[in-house]
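With these hints in hand, go ahead and build the complete structure from the sequences.
Protein chains: 2
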Amino acid sequence: MGQQHQRSPLAPDSFPKLPGLPGLKIGVAATGMKYTGRPDVMLALLDPGSVIAATFTKSKTRSAPVDWCAENLPAGDVRAILVNAGNANAFTGTRGMRDVRTTASAVAKQTGCRPEEVYIASTGVIGEPLDAAQITASIQSMIQTAEPDDWQAAAQAILTTDTFPKAASATARLDGRTVTINGIAKGSGMIAPDMATMLAFLFTDAPLPARILQALLSQSVDRSFNCITVDSDTSTSDTVLLCSTGAKRDRPKGLRTHRDPRLEGFAKALDKVTSALSRLIVCDGEGAEKLITITVTGAESDIAARRIGLAIGNSPLVKTAIAGEDANWGRIVMAVGKSGEAADRDRLKISIGGHAVARRGQVVPGYDEARLEPHMQGRDIQIKVDVGIGKGRATVWTCDLTHRYIDINASYRS
Amino acid sequence: MGQQHQRSPLAPDSFPKLPGLPGLKIGVAATGMKYTGRPDVMLALLDPGSVIAATFTKSKTRSAPVDWCAENLPAGDVRAILVNAGNANAFTGTRGMRDVRTTASAVAKQTGCRPEEVYIASTGVIGEPLDAAQITASIQSMIQTAEPDDWQAAAQAILTTDTFPKAASATARLDGRTVTINGIAKGSGMIAPDMATMLAFLFTDAPLPARILQALLSQSVDRSFNCITVDSDTSTSDTVLLCSTGAKRDRPKGLRTHRDPRLEGFAKALDKVTSALSRLIVCDGEGAEKLITITVTGAESDIAARRIGLAIGNSPLVKTAIAGEDANWGRIVMAVGKSGEAADRDRLKISIGGHAVARRGQVVPGYDEARLEPHMQGRDIQIKVDVGIGKGRATVWTCDLTHRYIDINASYRS
Chain V
1 MGQQHQRSPL APDSFPKLPG LPGLKIGVAA TGMKYTGRPD VMLALLDPGS VIAATFTKSK
61 TRSAPVDWCA ENLPAGDVRA ILVNAGNANA FTGTRGMRDV RTTASAVAKQ TGCRPEEVYI
121 ASTGVIGEPL DAAQITASIQ SMIQTAEPDD WQAAAQAILT TDTFPKAASA TARLDGRTVT
181 INGIAKGSGM IAPDMATMLA FLFTDAPLPA RILQALLSQS VDRSFNCITV DSDTSTSDTV
241 LLCSTGAKRD RPKGLRTHRD PRLEGFAKAL DKVTSALSRL IVCDGEGAEK LITITVTGAE
301 SDIAARRIGL AIGNSPLVKT AIAGEDANWG RIVMAVGKSG EAADRDRLKI SIGGHAVARR
361 GQVVPGYDEA RLEPHMQGRD IQIKVDVGIG KGRATVWTCD LTHRYIDINA SYRS
Chain C
1 MGQQHQRSPL APDSFPKLPG LPGLKIGVAA TGMKYTGRPD VMLALLDPGS VIAATFTKSK
61 TRSAPVDWCA ENLPAGDVRA ILVNAGNANA FTGTRGMRDV RTTASAVAKQ TGCRPEEVYI
121 ASTGVIGEPL DAAQITASIQ SMIQTAEPDD WQAAAQAILT TDTFPKAASA TARLDGRTVT
181 INGIAKGSGM IAPDMATMLA FLFTDAPLPA RILQALLSQS VDRSFNCITV DSDTSTSDTV
241 LLCSTGAKRD RPKGLRTHRD PRLEGFAKAL DKVTSALSRL IVCDGEGAEK LITITVTGAE
301 SDIAARRIGL AIGNSPLVKT AIAGEDANWG RIVMAVGKSG EAADRDRLKI SIGGHAVARR
361 GQVVPGYDEA RLEPHMQGRD IQIKVDVGIG KGRATVWTCD LTHRYIDINA SYRS
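Protein sequence lines correspond, in order, to chains V and C. Everything in the first sequence is counted per the working numbering, starting at 1 for the first residue and increasing by one. Everything in the second sequence is counted per the working numbering, starting at 1 for the first residue and increasing by one.
Hints may contain errors.
Claimed, not checked - Computed from the model, here is a short list of chain V residues facing chain C with C-beta under 8 Å:
#1 K60
#2 T111
#3 C113
#4 G127
#5 D131
#6 S235
#7 S275
#8 P316
#9 T320
#10 G324
#11 G337
As the list claims (entries may be wrong) - Heads up, simulated EDC-like pairs for lysine to aspartate or glutamate below, C-alpha to C-alpha not over 16 Å straight-line:
#12 V:K60 / C:D344
#13 V:K60 / C:D386
#14 C:K60 / V:E300
The set of hints was computed from the structure by calculation and includes no laboratory data. Just so it is clear, CB atoms sit at the ideal spot from N, CA and C, and this is done for glycine as well.
The following block contains the structure:
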């Protein structure tokens, strides 16, 4: 990190208390690879029979660990997740994959599983070779000190430019029993996930097969991690893993699809966790002073609504105006226009903080910007846009663009 | 503007001397609509028989003047161009088009042409109704004071957040005669033209029909204005007009297509003018301290190469790194990956300022970043990327992202 970054003003007051999750232990260690005086590597150990679902970055220059995880995913089995912070092992040529195999094999040997059951995620600087020996040297101590439910230590070990650890939890009723979903995430810059996300690790004890977990995860990621942006830049390393340790419990009988009505509660709980983690990532967006929630309705489709929302959320002009506490709605009009999605300029409706600003393609009669001032001065900015075409809708979260974003990124090597 | 912005450090030393262009007079005036103490409206008067070609923004929320020009373009005739700075007349409902008709009719009446031969461009704040009377009141004095070749006054009258006036010129041999192309442009923020551009007005005396001019202009805009970005935001008002006053001269005989070999010199001269104006817009990019030239080769097609170049040029992480004089090539890898275009990660080659940085998907052996420091500290940053797939190539221009961009946009209402 070089410099220490001040805790985001949008950070929650405290780390949440997560319920216990049977079948899982977590250890952390400090390798000294890049950071000093803090754990920078995490190992999650899962009971035999655990299954996994995942989504990854769509980047064409994705990292070696992402390649590795994507290769192993079809089998759906998982016994360990190893994560290091400080070096992304991305753009490291053939050596990158060799280093992944070395660390996965070391974990497999020491835990008695197959290397293919060890998932790896790396985050940090792009283009520097990883020192695999520094990681393998820490595995034994992580195994020995691993504890159930040490979520805060895990969430802290995976951070890079983040200023606070991120976790969320939810429970659901499934087939007459209560199941839990716990998740941790990291992410602060290079955030514009494309059908994938930054690092997030979700664990559940729900007794569901990998195929169903995968369908539920993909659906949930589309509404959460794929609806956030800090700076429109997409990482080489984005990875979301969802593991279930519930294999030893009875699975609901005759479950054929993720649309089975018995999964409704679980799907909602999963959405709750992925949305909460997504918002936490935006709240830790580099330099963020304000959380911006953009709700788009009236679009041709939900996908079109998301694209319009992201066009607004990625606009540096919209984001700097909000940093300046200026309700510059003309720039919202501009961003809708540049999205390329169908919009009826002459039926466009915009409201900010609940105040109608524009309708029927022009400013509302008697519009008084002074009434918006208290809202613009707050931390939580709400923008609603109806584009007057159809029924598509989406919510997108982003943060403002401040001087601190430039301070952080003109110096940090990531 | 509210505040005065300091002249860009990338501005040219002086305004260029443009050759005379027969058949054209230009007048300017100060309406006081938004700015005080400076001309903010320009009227170009063209001789009868002049023809026009144009490209416009692809924004779905484009302004009333853009709608007006696009409606009239198929006829290809032009007698006047009226431009005002300070109010974009965009998102102004049905009143917006009424105001355009009012001003076009006033010009037509006082110059003896049809309203449809009067092209209008407006730039400035979005969403505020225009005071058409302020503009019509200035028409008579602009007609009376119009002079041939007052390019500097014209280039100054159309500026908004720009810090210097922009012009370029070139001559070509056409069918045994010398013809001239003169152009002026404005643009500083909200710059990511999509098959169109910010305001640019090009004039030539080349005796070419509107259809051929249009084909040549579209081709040239694709290689110039469509290859620049300041902040990834696309304006509601982008307009490029190319007018020829050469109607009274003999047209080259048997000219059927813009690919006629006799047009080669003219096409090259046109590219020279559009490229020069495009670079001037980037050099006046809001907050710009460095001009960044990104050359992409080895892409699947020229279009793919441009998309990759724009992904690099739009990346806030790449742009802030360059502002910090940091040769952070890992972020270039990231941007190539997020473009979505085919790239072979393991054949990717990157050089900065002529120094090889990466090849075969990893950093070059013995890479020493200290050698790049003198280049990174200069004003003119050169990035070359070969993505190892095909023969597509493109050059894209952008500027760095500095604290001044935020200063300008957290306060200016545009």
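Taking the hints in turn, this is what the structure says about them:
1. K60: holds (5 Å)
2. T111: Since chain C brings no Cβ nearer than about 31 Å to T111 (chain V), farther than 8 Å, the hint is violated.
3. C113: violated (29 Å)
4. G127: holds (4 Å)
5. D131: violated (15 Å)
6. S235: holds (7 Å)
7. S275: violated (23 Å)
8. P316: Holds, about 5 Å.
9. T320: holds (4 Å)
10. G324: holds (3 Å)
11. G337: holds (3 Å)
12. V:K60 / C:D344: Within the cut-off at roughly 8 Å; holds.
13. V:K60 / C:D386: Distance ~14 Å between K60 (chain V) and D386 (chain C) Cα, so the pair holds.
14. C:K60 / V:E300: holds (14 Å)
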